[in-house]
Structure formats: C-alpha cells, structure tokens
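J.: Residues per chain, in single letters:
Number of protein chains: 2
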Amino acid sequence: MDDNAFGIWDGEIAAELPQDYDAALYFIGRIRTPWVQRKDCPKNARESNAVCTIEVDPRWQQALTDVASCSHLILLYWMNRSRRDLVLQVPRHYGIGRGTFALRSPARPNPIAMSVVRLLGVDGTKLSVTGLDCLDDTPLLDIKPYFASTDAVPEAVVGWHRTLKR
Amino acid sequence: MDDNAFGIWDGEIAAELPQDYDAALYFIGRIRTPWVQRKDCPKNARESNAVCTIEVDPRWQQALTDVASCSHLILLYWMNRSRRDLVLQVPRHYGIGRGTFALRSPARPNPIAMSVVRLLGVDGTKLSVTGLDCLDDTPLLDIKPYFASTDAVPEAVVGWHRTLKR
Chain A
53 MDDNAFGIWD GEIAAELPQD YDAALYFIGR IRTPWVQRKD CPKNARESNA
103 VCTIEVDPRW QQALTDVASC SHLILLYWMN RSRRDLVLQV PRHYGIGRGT
153 FALRSPARPN PIAMSVVRLL GVDGTKLSVT GLDCLDDTPL LDIKPYFAST
203 DAVPEAVVGW HRTLKR
Chain B
53 MDDNAFGIWD GEIAAELPQD YDAALYFIGR IRTPWVQRKD CPKNARESNA
103 VCTIEVDPRW QQALTDVASC SHLILLYWMN RSRRDLVLQV PRHYGIGRGT
153 FALRSPARPN PIAMSVVRLL GVDGTKLSVT GLDCLDDTPL LDIKPYFAST
203 DAVPEAVVGW HRTLKR
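Just so you know, the protein sequences line up as chains A and B, in that order.
Numbering-wise, the working numbering comes out as the position in the first sequence, counting from 1, plus 52.
Numbering-wise, the working numbering comes out as the position in the second sequence, counting from 1, plus 52.
No wet-lab data here; the hints were simulated from the structure.
Don't take each hint at face value.
The list treats identical chains as one, so a pair stands whether inside a single copy or across any two.
[As the list claims (entries may be wrong)] SDA-like cross-link-like pairs, simulated, lysine to any residue; straight-line CA separation at most 25 Å:
(1) Lys95 / Asp175
(2) Lys95 / Ala204
(3) Lys91 / Ser201
(4) Lys95 / Gly176
(5) Lys91 / Ile60
(6) Lys178 / Gly147
(7) Lys178 / Trp212
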C-alpha cells in the first residue's frame, strides 16, 4: 500500500458523500495479476505484455458461452482500495489538479475501472488476457464483448492530456 | 415496459444469485433521453443522432473540471430494470442462446452498461452527448475520459456476431 493511499494531497478537494447507497454489486470473480503493490503496477496497460488470469466464479460458467469467439473484451472491476469522495485530484505523475471525471484514477464516487483487454484463451472459468494494470486479487464485476463498431473511436482526443504532452 | 421484461424465454438459463452483495453504488446523476419505453430505444446507438443530456448531481460539479476538453467520454450507468440471474439468454433479434458475458444485454449479474459517447458541450452540471440508446431517467454511475491509445481497438472481432451476419 502506498503512503497516503487514503489521504488527500495539496490541491485536492473532497465532496461530502451521500448518506445512502442506491444499488449493490456482486463480485463475480477475481483478477490475478503479477502486481501486489500499487507501485509495481504498469502506468500504461498497453505497455505491459503481462498475461493476467480472470477467474470467474463457477456460478457464472455458462455465461462464458461464446466469449472465446471474441478477440477483445471489456472488463469492469472494483477498485476497492480507493477513496470515493475526491472531486479534484492531483495525479502524482502530472502534478496538476484535474476533475475526477476527466481522469481514469481509481478514486471516484463509484470506483469501477474499465479496461479493454485482448483475449488469449478460455479454459473452463479461467480467461487469459493482456492489457491490464490492476492489483492482484482485484474483484471482477463484468465481462462484455468489445464491438469495434460502437466502442472504437481512434480519433478521440483528451484535450488536457494532449496539451500536457506537447 | 415490454411483455415478459422480467420473464425467461425458451432456451434461457438462470443461475442462483449469491446470498449477499459485495459492494454498493451511488447514483451520481441521471441520463435524459427521448426514449421512455424499451421498444423505442435505438438498436444501435451509433445509428442514432439523438442528443441526450447527462444531468450530474451538483455534489459532483467540481469533478467535471477539464471534462469539456474531451471529445469522447465513457459513461457507466445502471440498467435498473434488468434481471441479474441469466447466464444464457436469447436476444430476440438473434433468436439463438448466447452466454451473458458474450452479449451487451442489460440482463447480467451487475447490470452496468458502458457506452462511448461524443461530447457536444458542458453547461454547468449538464453534458450534451450523442451515442446513447438507454431509457430516459437511467441512473448514472460514472464518467470517464476516452483515451484512444488504450480504448480504441478498430480491429477487434466478436466472432459469433460476425458469423451471424454472413
């Protein structure tokens, strides 16, 4: 665990969280990765060739029917170690305060991460994939087929990020 | 509401749901669309030019900082009318049983939908977008910037779907 993993940095702002929750989730499996500490996780999942294993709860095995025919999947998973009240946060590698909804940081009101992964194979309830950067044992929420027709936008721009790199 | 919206069709299989939930969600806003019944929703969001409005709860306004610089966003939202126990389901327009995790159907253990939308503008806590196909008043869970570098895979293939279209 990082120092200050639950803390707040200069320039960060927290909102008051709602009193009640509105809906509830089932963990449907676990993601096995080589990374057990945050500092070990790759900064950009595309830069990593590490093969990770998605272990789906046997309860859902039949829901994996036809998944093997997909070249890429969307995974939703639960970043259970993140605080949920930050509205403005300062990613350490950028050093500038940004709005939470303009960042992919795990700290957000609903800490659901979304990753696009390449599917290497399916063996029973285990899926081998590349393209992840999360901690070992991260709870899995959903698996979806990736449709290029609706999900791929190669021309998309994140303005604040492009400015940064110039 | 459709006939049999909560029912089960020939060829569909339900799993027993876990006894307990594992995590909980806050609704952070609402999605306003022109569609109040399922039968009115477009089948393919890319075929619709309808402008929809994302109404974010004022609590989260500062989290929208920098979002206006994004050309495209990922929205996560809650398909609160769907049953959660189907592992094999028969989409009516295909007529063949498929595994839930090979489909984008709202019926899934965690009914979180993911859509990539084009951002037209931000006005306070309201975002104008295109690319949605959900019902009016759908609860919003998250807004993320769309990064082409990690999210766009134009060559991705959903094998069962390609076969179907031949």
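J.: Work down the list of hints and note, for each, if the structure agrees.
T.: Hints, verified against the model:
no.	hint	in the structure
1	Lys95 / Asp175	neither (28 Å within a copy, 32 Å between copies)
2	Lys95 / Ala204	both (22 Å within a copy, 18 Å between copies)
3	Lys91 / Ser201	between (35 Å within a copy, 22 Å between copies)
4	Lys95 / Gly176	neither (30 Å within a copy, 32 Å between copies)
5	Lys91 / Ile60	within (18 Å within a copy, 46 Å between copies)
6	Lys178 / Gly147	neither (39 Å within a copy, 27 Å between copies)
7	Lys178 / Trp212	between (38 Å within a copy, 20 Å between copies)
Hints 1, 4 and 6 from the earlier list are contradicted by this structure; the remaining hints agree with it.
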